[in-house]
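Sequences listed follow chains A and B, in order.
All residue numbers in the first sequence are consecutive under full-length UniProt numbering, ending with 158.
All residue numbers in the second sequence are consecutive under full-length UniProt numbering, ending with 158.
Mixed in with the good hints there might be a few duds.
It does not matter which identical chain is used: a pair holds within one copy or between any two.
Dumping the calculated DSS-like pairs for lysine-lysine here, alpha-carbon to alpha-carbon at most 25 Å [to be verified]:
no.: 1; residue 1: K74; residue 2: K130
no.: 2; residue 1: K130; residue 2: K145
no.: 3; residue 1: K7; residue 2: K48
no.: 4; residue 1: K70; residue 2: K130
no.: 5; residue 1: K119; residue 2: K145
no.: 6; residue 1: K70; residue 2: K88
no.: 7; residue 1: K50; residue 2: K7
no.: 8; residue 1: K74; residue 2: K7
no.: 9; residue 1: K48; residue 2: K18
If you are wondering where the hints come from, they were derived from the structure by calculation, not from laboratory data.
The primary structure of each chain is shown beneath.
Protein chains: 2
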Amino acid sequence: MEHRIEKIKKQLHSQSYKLTPQREATVRVLLENEEDHLSAEDVYLLVKEKAPEIGLATVYRTLELLTELKVVDKINFGDGVSRYDLRKEGAEHFHHHLVCIECGSVEEIEEDLLLDVEKIVESQWGFEVKDHRLTFHGICRVCQKQAVTASSAEENKK
Amino acid sequence: MEHRIEKIKKQLHSQSYKLTPQREATVRVLLENEEDHLSAEDVYLLVKEKAPEIGLATVYRTLELLTELKVVDKINFGDGVSRYDLRKEGAEHFHHHLVCIECGSVEEIEEDLLLDVEKIVESQWGFEVKDHRLTFHGICRVCQKQAVTASSAEENKK
DNA sequence: TTGTTAAATAATAACGATTATCATTAACAG
DNA sequence: CTGTTAATGATAATCGTTATTATTTAACAA
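Go ahead and model the full structure; you've got the sequences and the hints to work with.
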């Protein structure tokens, strides 16, 4: 954890930004909730638990800054809010998401999977790919099982 | 065009909705600007040219309804607004987009390209894919050429 | 240490896209 | 025609985000 904070600190310094206590607190919240997809307000509330004096605007500014530096990715799952997702160490591309339309859970896929597709896009459309966003909508493993259970229970009723 | 409106009319009727004049005007605007990615306000302004008495709320309601019926897809390219994109006839999945980070242009890809990736997701993650969203960010053909021209002009100066 | 300057912050107002409310109107069955 | 329900238009309300402004902090020179 400290190692990653050090790294982000260096990234900030390289663009002559500082890692202020508020920014550090925000980064720590992101690191501690890496598996989640927090909205700005989520981050704000979590930061507030440790540093109650922090303002919402500062959280927004920090998240914007981190997005610029490509420390986090700003994503949008179609509900009204932007969410912020830490890039994995050394990840060149954005990772993918599996959004369950039943329970709303979000799973991450680290593997790239798009190398072939990107080759096609570059050769066939002449488009120089810099990054991508891929989200699958469907039914997660858990909800599939529940559907099976529910329908067999339905069977038993008859 | 009339054919496609008839089809949408039937889709509405099948869920006991009506194709009111306002809804028809909205659908016509979408059909006439199929290559664009209009925001709700864009649609509103265009509809207003033909039917000035229409209200913004009605446009929002119509777009919401069409999204529910999967006649259009609601998309978000990261600027603050939702955009609405007609599904192609018979298209089972959402089409992909190439967003140029230089000029902001948006190109569409009709081909699916993701069949193999979806197979992997289904088998390896146990996730039942219902739909997908794929957007590439990069540099379009036009901007690539301009970059070349600009840099050679730079060369000539020396 | 003290003073100076610029960056960062907190509080809050402003903004803008979207949604909710509500009175009015249109469509249509009885 | 009359009652009922869906749809609409106008507009208020909501809510995420951004801008403003006064204040604080940090860096650094004198």
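Hint by hint, here is what the structure shows:
no., hint, verdict
1, K74 - K130, "both (16 Å within a copy, 24 Å between copies)"
2, K130 - K145, "between (38 Å within a copy, 16 Å between copies)"
3, K7 - K48, "within (24 Å within a copy, 53 Å between copies)"
4, K70 - K130, "within (13 Å within a copy, 30 Å between copies)"
5, K119 - K145, "between (37 Å within a copy, 19 Å between copies)"
6, K70 - K88, "within (11 Å within a copy, 34 Å between copies)"
7, K50 - K7, "within (22 Å within a copy, 57 Å between copies)"
8, K74 - K7, "within (20 Å within a copy, 38 Å between copies)"
9, K48 - K18, "within (20 Å within a copy, 50 Å between copies)"
In terms of the numbered hints stated before, the structure departs from none.
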